[in-house]
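Novice: Protein chains in written order, with the working numbering: chain E, 1 to 340; chain W, 1001 to 1340; chain Y, 2001 to 2340; chain P, 3001 to 3340.
Be aware that one or more of the hints could be misleading.
[To be verified] DEER-style ranges, computed between Cβ atoms:
1) E:G146 - W:L1024: 23 to 29 Å
2) W:R1334 - P:G3324: 27 to 33 Å
3) P:D3247 - E:Q143: 24 to 30 Å
4) Y:I2065 - W:E1155: 27 to 33 Å
5) Y:S2047 - P:D3052: 32 to 38 Å
6) E:K22 - Y:S2109: 50 to 56 Å
7) Y:G2324 - W:S1047: 57 to 63 Å
No lab work stands behind these hints, which were simulated from the structure alone. In this text the structure is predicted, and so the values were computed from the model without any measurement. For every residue, glycine included, the Cβ atom is placed at its ideal position computed from N, Cα and C.
Protein chains: 4
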Amino acid sequence: MIIVMKIGADESQVQETIDKIKDLGFGTHVSKGENRTIIGVIGDVSSIDESDVERLRATPYIEKIVRVTKPYKLVSRDFNKQDTVIDVDGIEIGGKKIVVMAGPCTVESKEQIINIAKEVKSSGATFLRGGAFKPRTAPKDFQGLGEEGLKFLLEAKEQTGLPIVTEVMDTRDVELVSEYADVLQVGTRNMQNYSLLKELGKCDKPVLLKRGMWATLKEFLSAAEYILAGGNKNVILCERGIRTFSDFTRNTLDLSIVPVLKSESHLPVIVDPSHGTGRKDIVKPMALAAIACGADGVTVEAHTDPQKAISDADQTISTSDLHGLMGEAKYISRVFGREI
Amino acid sequence: MIIVMKIGADESQVQETIDKIKDLGFGTHVSKGENRTIIGVIGDVSSIDESDVERLRATPYIEKIVRVTKPYKLVSRDFNKQDTVIDVDGIEIGGKKIVVMAGPCTVESKEQIINIAKEVKSSGATFLRGGAFKPRTAPKDFQGLGEEGLKFLLEAKEQTGLPIVTEVMDTRDVELVSEYADVLQVGTRNMQNYSLLKELGKCDKPVLLKRGMWATLKEFLSAAEYILAGGNKNVILCERGIRTFSDFTRNTLDLSIVPVLKSESHLPVIVDPSHGTGRKDIVKPMALAAIACGADGVTVEAHTDPQKAISDADQTISTSDLHGLMGEAKYISRVFGREI
Amino acid sequence: MIIVMKIGADESQVQETIDKIKDLGFGTHVSKGENRTIIGVIGDVSSIDESDVERLRATPYIEKIVRVTKPYKLVSRDFNKQDTVIDVDGIEIGGKKIVVMAGPCTVESKEQIINIAKEVKSSGATFLRGGAFKPRTAPKDFQGLGEEGLKFLLEAKEQTGLPIVTEVMDTRDVELVSEYADVLQVGTRNMQNYSLLKELGKCDKPVLLKRGMWATLKEFLSAAEYILAGGNKNVILCERGIRTFSDFTRNTLDLSIVPVLKSESHLPVIVDPSHGTGRKDIVKPMALAAIACGADGVTVEAHTDPQKAISDADQTISTSDLHGLMGEAKYISRVFGREI
Amino acid sequence: MIIVMKIGADESQVQETIDKIKDLGFGTHVSKGENRTIIGVIGDVSSIDESDVERLRATPYIEKIVRVTKPYKLVSRDFNKQDTVIDVDGIEIGGKKIVVMAGPCTVESKEQIINIAKEVKSSGATFLRGGAFKPRTAPKDFQGLGEEGLKFLLEAKEQTGLPIVTEVMDTRDVELVSEYADVLQVGTRNMQNYSLLKELGKCDKPVLLKRGMWATLKEFLSAAEYILAGGNKNVILCERGIRTFSDFTRNTLDLSIVPVLKSESHLPVIVDPSHGTGRKDIVKPMALAAIACGADGVTVEAHTDPQKAISDADQTISTSDLHGLMGEAKYISRVFGREI
């Protein structure tokens, strides 16, 4: 950590700053330039509390504080050089295989989810996704089947063998959803719902953490850090589009984060081109692009009859298009020495 | 609602669309142009489910669906022409008086909050704000005093008479926080935490709803709609800055939303220039600008010794600066026939 | 075009609107709903002037005007179903081959550009890029070699056979740059410099139009429309990143625009992962992703010794890395039945 | 300037860095921490070329370079403590008086501009604004009257005494526009049209520089630096809204930049609430807010009959509303010891 004093800061102010640093338990190294003084902080500053930094930064004679240390630790590649590979019912996420999660936005009925699951299975995709608890923008919109939806998902799993990915929205539901799901999903709107993240840290199921549509890289990894800090090491990071001015897509899919996450963190990274674009006509090319830039998998909304989907019909591809996507994804994966 | 068919859509497709609309219980009015056909939907389309619209939009021969109806109803000015005025311990929010909420980011100790509360009181501000449950970006940062902090807030209230505004983050804490606080705050990160919004809809305390830093006007008002739909009519809308590329402030304070919210909704609107800018040097001018464009009040972070604040030291003004702010705010308020 | 009247608009206001439409030379079709009246405009509204629409929209009793017609025509796929293939010295842009443009940000010296050109050539890339006129954020930064730089580029072309892509910034320089360059580049900052676009419309060289970092899809295609409207049909569209809050990259590379541009327009589309990310460590994966989602080529900054590059050293890959990129790009291209 | 070495950088790499700094003519001060070494650069680093910094930053064993020095100098408050006050025909911009520029988006006819000018004059506003050369998104839209429009503006000036503000878009037109206009406007799209900025640096008329809708504070001030570096000290900075996801306004008016520009720079600052919001219903409150947060003036689009305006009818207020705005602006100005 480096403290840059304001031009004109005097001796006593420099000394005062040095004393504050000492009080925090660190050493200093002072460097006087022509115009200003710079104080290097010596010691393991990763342990310093953000509050202490904010207070220093607010000191009138301090211009700027530069932190090289990252606000997250457990999730970082520096902490764990080895890729985290998560085993779900024998399927590895973050390993050699590219995983594909597919299914409807919403579980609508037992028949619907079982039919879709069968198609997902036959396409070669490896996880069934589908929402039982749904975050909807307006209160009058359909809020999901709740526990009944979870039961239908479980039946679909029994018939196809596909493990289940489904969202949990409320701290009070974590236990319930854990009983049915293989992977618990945190939606984009809840990425900084810290109560929920803490609850998931105590849980023994892998968590699929979607990037908040407003989240910087640091905030995204810090949210994952909450879960790891609670004791749950199995987190899958998911890029799903951010909020920008660009209006030809529902969100702007920020694929550049894929190779950056892979180098900053040891956690697996997947991409959601359905929510990331909101347009079923470009789900396939963006899924392929995700694999081409290093993603460990994709999650896509697919339905046997998208036009009858209860939600997200705009961005849901047909299960027959899913078969097409899987075919091309296989070829792309091989270019990178991976398989599907 | 208007349905624009694709160029080349044929008779049978037009008929199919008309049938779908009829199935939903609405009438139609068909208009054939040179290139394309347009179908007007007749009836009270405000009751239509968003899922039905999404499904229609996903139909291959439909180009576009135009909805004039808004996704929110109870919060809208159309529904309630009269300004909502919320009475908290005899202080009106949304009435003639401009309200000022002030206090530290975090409740640090009994002494701290009582000292600050006394200064807030003497400045003429009308509410004491302060966090007991804190949303922090990193898990290792101080997470607040919890219930102990609530008790200190209550003691500060007893000594000064200032009603308390404090954040609630978890559905499981709503009851607890309600016992101590006069106004429950929903932070920006939880604006679309629907479980929390539903819980607050059942609660009898006013809710201060902060705009999500990613939220459009529609999403903001729809989040408020969740609370009203649950039965709680007392919601205060708060602009607190949005995420943009602009980096000289922590967020971009979107003041234009103030007059637009006042015309779209009957709910009171306040502004948070502390989080909205992240810079204590411009909190005062932006607070005055907020009043000048029609806000019903402001909420600012203030501390007797900002450099010792446990969080947000960057953006917290001193209580002595708060006195200065109140002075100028009084003059501005009078220009608009309001008082402080 | 559809005109939605406000709730409560009366007969005379509807009639007034119908009269205005007639004055503009169009027919109308009126549809009365329970709450409001909707007027469909009949005729070829693509010819309507935006000013007339704006005036209508400003009418107090009109709620909203919906235009289905796009503001661009010549660049659209509707106007020209066939892909535009641009031939530059026998190399086709927009055809079966994926084009790769490579070279330094800035032409620094004769030796530098010739050495780089030889490496670019041997890597298998097909165009040499390099700036002689440089847009620099600060006036004190190096502004390029000007005409001397163009001469060096020409010499590099003579020695390698690589056609030249270089930027033009001033209407007064279009003629000069045309004498040397094979493709004229419009930088992101000039995407809406309409004087320059008009001048390029009169020119006989292909134009590489970079998306403004603030530009919507409509604005991007409308900028291209200026060039086509002037008579120059040879425009290459280039995605190079947009301005968003996301700060781990210099810009946010918006790859989703690639398949959308390919379906909206007949013009070739390339991607610039160097400016699009500002990070040389992720140029390769993002270049591969660009090809995977359908781009007709990429343009990358490459230098024999990036650490000595006079500008953009952060995002410039070494020519040896360029060789690596070309190798993988070849495999990806084949998956899509293309070659490099 | 501070250079942070990567963890693990060895002695020889530190020495190499020190040597590079010496070659650039600066001294160094080395500080070794537990994990990494930090090198302070001693001397007047404001003269260092950005290219040299970029090259250093690209060095593999360097983690980060921190520059405290700003990329602009002449425009900064550090360089010139005194407010720049620009005298135009006896009217001061940046002085005690709040200036109001008003007029139509486009000069449509002699009669139109003269009628509007008279109303602008009688409202108490001090400048007449109006476009003769118009930047339009689509080539088919009306591009302005050109020199004829300038002549009409001059006639309006002769009849009312109001100095003229009008846009220049092409380096080739600077001389022509200078003959007619009192203040030359650079539109948002041309903020980084460096050829134009350089040409204006050589001109003797004040320049009204609009912020690019994508521009950071640094980029905005650096664009102004181009004009000052050319010799023209009379630049007025104008906030006019930035591109964000927020869609209830045409742009997001970033008022927080007003107090920050006033503290960072000595140049006058005005605000354009017409383009900044795109909504005539909120032009007045946002103009008042601009004055409340410290702007030296505002520029608004006003028309005797906005519904007949040839462009920007959506955001143009009537001249009768302009009278109302002036009245309230007077009261607000007085609160801050200014006049109108």
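Novice: Which hints from the list above does the structure break, by number from lowest to highest?
Specialist: Violated hints (numbers, rising): 2, 4 and 5; every other hint is consistent with the structure.
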